[in-house]
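As they're listed, the protein sequences go chains A and B. Going letter by letter, the first sequence gives residues 1 to 681 in full-length UniProt numbering. Going letter by letter, the second sequence gives residues 1 to 681 in full-length UniProt numbering.
Treat the hints as calculated values from the structure; they're not laboratory data. Careful: at least some of the hints might be erroneous.
Stated by the list, open to error - Residues on chain B that point at chain A, a partial pick, calculated with CB under 8 Å:
1. P75
2. S155
3. E175
4. Q190
5. Q191
6. G193
7. L203
8. R226
9. I227
10. E228
11. D229
12. G241
13. H433
14. Y434
Backbone N, C-alpha and C fix where the C-beta goes; we use that ideal spot for every residue, glycine too.
There are 2 protein chains.
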Amino acid sequence: MVRRSWLLLLCLFALPSMAADPAAKAAPVTVSSPDGSLQVSLTTDNDGRPAYAVQRRGKPLIDDSRLGFILLDAPKFERNMRLGKPSTRKVDEKWEQPWGERRFVRNHYNELRVTLSETIAPKRSFDVVFRVYDDGLGFRYEFPQQAALPEVRISQELTEFNLASDGSAWWIPAEQWNRAEYLYQHTPVQQVGDAQTPITFKLDDGTHLSLHEAALVDYAGMNLTRIEDRRFRALLTPGIGDGKVIRQAPFNTPWRTLMVADDAAGLANSSLILNLNEPNALGDVSWVKPMKYVGVWWEMHLDQKTWASGPRHGATNENVMKHIDFAAANGFDGVLVEGWNVGWDGDWFGNGEDFSFTESYPDFDLEKLSAYAISKGVRLIGHHETSGNAAHYETQLEAALDLYQRVGVTSVKTGYVADAGQAKVRGLDGQVHYAWHEGQDMARHHLKVVTEAAKRHIAINAHEPIKDTGLRRTYPNWIAREGARGMEYSAWGQPGNPPEHEANLVFTRLLAGPMDYTPGIFGMKTRSPTGVASTWAKQLALYVVIYSPLQMAADLLENYEANPAPFQFIKDVPVDWEQSRVLAGEVGEYASIARKDRNSDDWYLGAISNQQARTLQVPLSFLDPDRRYIAQIYQDGANAHWQTAPQDIQIETREAAVLHDQTLSLHMAAGGGTAVRFIAQ
Amino acid sequence: MVRRSWLLLLCLFALPSMAADPAAKAAPVTVSSPDGSLQVSLTTDNDGRPAYAVQRRGKPLIDDSRLGFILLDAPKFERNMRLGKPSTRKVDEKWEQPWGERRFVRNHYNELRVTLSETIAPKRSFDVVFRVYDDGLGFRYEFPQQAALPEVRISQELTEFNLASDGSAWWIPAEQWNRAEYLYQHTPVQQVGDAQTPITFKLDDGTHLSLHEAALVDYAGMNLTRIEDRRFRALLTPGIGDGKVIRQAPFNTPWRTLMVADDAAGLANSSLILNLNEPNALGDVSWVKPMKYVGVWWEMHLDQKTWASGPRHGATNENVMKHIDFAAANGFDGVLVEGWNVGWDGDWFGNGEDFSFTESYPDFDLEKLSAYAISKGVRLIGHHETSGNAAHYETQLEAALDLYQRVGVTSVKTGYVADAGQAKVRGLDGQVHYAWHEGQDMARHHLKVVTEAAKRHIAINAHEPIKDTGLRRTYPNWIAREGARGMEYSAWGQPGNPPEHEANLVFTRLLAGPMDYTPGIFGMKTRSPTGVASTWAKQLALYVVIYSPLQMAADLLENYEANPAPFQFIKDVPVDWEQSRVLAGEVGEYASIARKDRNSDDWYLGAISNQQARTLQVPLSFLDPDRRYIAQIYQDGANAHWQTAPQDIQIETREAAVLHDQTLSLHMAAGGGTAVRFIAQ
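If we strip away everything but chain A, and leave its shape as in the complex, we get (with noise of 0.2 Å):
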């Protein structure tokens, strides 16, 4: 046979036809982070290949990454290619959030931009820029208009995530692309199989690392695959057709993202993936309120209710009143309804198209509940179920939203439940296809979602979401989404969430941004066989825990009714911060969390293990030294257990005390928790 390429590279002298202009390995081009503990450099190998590999105080932590497409029906585009001129830019800047888990959010990087072209015939060229921050780093590919390339059409990218080291990782399958709600699995790196990302490492000499994407716009989401021994490669969503990205240039990819810190509790702290979003692209957004919330919907999961029409309709009149009286009693902000809509009788799982989003059952009256809830200082939140089918809801969005802005609502719980079949989207092409939740077309039709809702004022939590990448920054209304196993696995899963849930939770799909998980639950016993596995404490610090600005009391109305002491400070918990510090953790054990309420001086502390009991010593460092704080403290009695006695909760309230410099020791139980309040005095 004839074999060239290494005849190239052995005697480029002797043969008189080859390549013209090969490229030649090229001398890297670095950039630093700030501090300079990151170093990224980037290179090209003796094909003119394009790699990046990334050096944390001195020792490698990515080696040699491949970067480059393989588009369809077009030459590769990973090879025969020339480092342009670097030009490099820093950045430090503050910018405010108009809620979050933190009022104010320091950008502070260094951009290197460095052209990539192509030494032969198409010649084509794209951009790769990388931001390095001290905390971790992004890097997207920007492609030009240019005439070479004027569609782009992307069969595979190839960006590489080549681990330099050994260690373990926490991390979901990415499995037939349409969920996302798996328990984590927790292997050694060479054991982890095509996963979806955020994913998250522990490296041999503890550095903890996680790789995600930020800003996914009218891209396919990335999933990674592991190529070899520590090496990942991107492993973008499938398509509806040609290509899993058809994009006219010029455009810029996602970030890749990778944060990088000595613990868990660092890579939580970060702000990477926010920064990397471009700023607030919707003006005045006052209108979205963060709020807590009771709804219509866990009585559905215990199988007390239906959300189909008949005699355990869930959305009754009566049943709704019952819950916004109970919202306004208690401070609640809205009522979240489900099931008030026709379409859930038929054979609605996987298919969708039955749903009307305008058109209530007749025991539900829209207009005069909403009425009634605003004139008690309540909202109804929306709910539109597609059941995957992203083309039908098309048709009726506007009508929806127009509905629901017309009555009063102002937020919108929206659903894709996709297991049973494949959600459905309306193409480019004017025709419906079968999708994949995280494909480019669904990607366009969430944010058509969100914008559509932001024209009206209205806030957009998603479930069985496209993954969060940060884009509640560009678009505030994308005020949370699910992504995860939520609360309701423990009122059916076979099994239900473990102990060690949220504890995974904290450091991989909450790196990505807020979750809805509707925490709150003291009726322990349900149809899962492990029931909610969590002592009463523990439900109580998720609200601390879990950040989000959208918070339910998920329970039955009954079970708060009954225990008002406990219920306190699900009535007294904030959901939009000043501040917040991860002040300890270890991934799928326990976490510790301190924030600060943005509308007072009041400081909130959760903690939580797994199924093991801990004792926590937590210094109070983070109040106010020149603050007294009274401390309300909800821990685990001396005999709480998950499993057997979930209910035995303690609390106390300590006198107004200096508390900066003492070390609060929190004893949790096997699957556990702490929640406090600090309230400044």
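Put chain B on the given structure of chain A with help from the hints.
Frame of chain A; chain B shown alone:
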């Protein structure tokens, strides 16, 4: 959120609406191999997802492994399925190969056929057919003609192979789809990345397993991706656009194959791949001749000559006539000439547009040389290098083959080197598309070349080919191919082929079929830093160890002229066999193989080692107990070592004796081997 999948399972009685007629877990359907050692069971889970499992001697070999498809722009086709009534069939037949490693092949299996039908709309179905042998099994999907699925566009084949126990694997990566020429990796099962087939496993209990496919016709080549732990899933090679496979029903997929044996030798003795192919479709194929050949080839790889025209052009009348004379004088049947045709002077590498397959360089007279060769009892071997541009080749294919037929060339080596770019192929839409070596369109292309060649009584030896899946049974003019790192890597590779390479090939690549490896090098110093990492005796042994009906004496003619004693074995060794027996071996370590000449009663033995010197005790019980044999033994000398003394060979002829009851003690040096001819008296 609303999550109904669990609800469906937990409370069918309670929910008013759900998917109609949900499939229930089916009782397993089973089939066993003729001797009962292998048992396959097929079932569906609670969601109606089909899965198969395999036991060997009562012990799990393959745990539940899913079946099904993701289709493009159609509901996925993998659940809500019901098993139909199984039908079974027993076959025990013997068939004859026109040429091969053994004349007669026994085809002995039990077959199970089950129709799997969707219980809900769109109510599609496919059959799954298992053929279970004592040494492995094959299964395939058969898509019937059906209104609900007239055209099948496969986006992903979900077929899994879930190994039931730990072990290690020998594999090459499935990276970017355009080459097979990698060094084999040997890793724990959990460290296998995306891999090509065949892939070989040695499980912890010593069981050897090979996963591959048979009868790859009009379908995408299958690679494997490890989705978790020991669970592999089919990873089809991308196509040219929509879907990886597009077929009109009815059609069958290739067979997914699993060969199993107690040891490595057992795998290599299997005829499973051939048995799963259709019988000879070409009728009388007596015109297909196994042959040994020399050629204008190695001198180019050593950079002494060039493919391109100019002062060092290899394919000159003079040089070719020298080779013809040498072939005739030494009993070779063919002379390969590369670089004879116009197109090598331009930028052909990764391009291929400039090749003419009918126009010779002026210093090469095809007609005259072929006539001269025939007059001396030799045939020129044609050469069609396409640089992967199958589309361009097809525009000249018929004229090119007509030309060869007219001048009496009866075999053609094709080449598809595409390392620098991608293959190009003409799709069914009539347009030229970028493609991958093992995509569906390339599968069609290769078969088009083979069938067009067959019409002209020309045999095809494809290099950088689509992988071998046993189609030589159906198309016996598809006589050999490459499809792994060949000898040329030892001419210029960085590194060259290591001493273990051939001991890997025997138990991996060669399980698929014959390989034109081109052994027989005596000049060990090359442009590769490692040179030819072999002793002379091993070079001779390769003619027996690596089965191919085409065997090249690849070295420069002067090296043979200067070393007539070892060259004698190359002159003597046959290329067509009555029987073959792999006697012993370990993957990547050693192999010993005995073969009986098809045209005499002589036996040949080849044994090779990796970098370890070793002594093998070889019982000669394969020889006829009633015959006396003269043994001509070519073995490593006392000082032989691939690095320091590759030429140290000891050639010995033993007096005629009955050898059947004897054991031959074979010393093999580091990188060494032994070749023996047993001449029947």
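Enumerate the violated hints, using their earlier numbering and listing them in ascending order. Going through the list in order, the structure violates hint 7 alone and respects the others.
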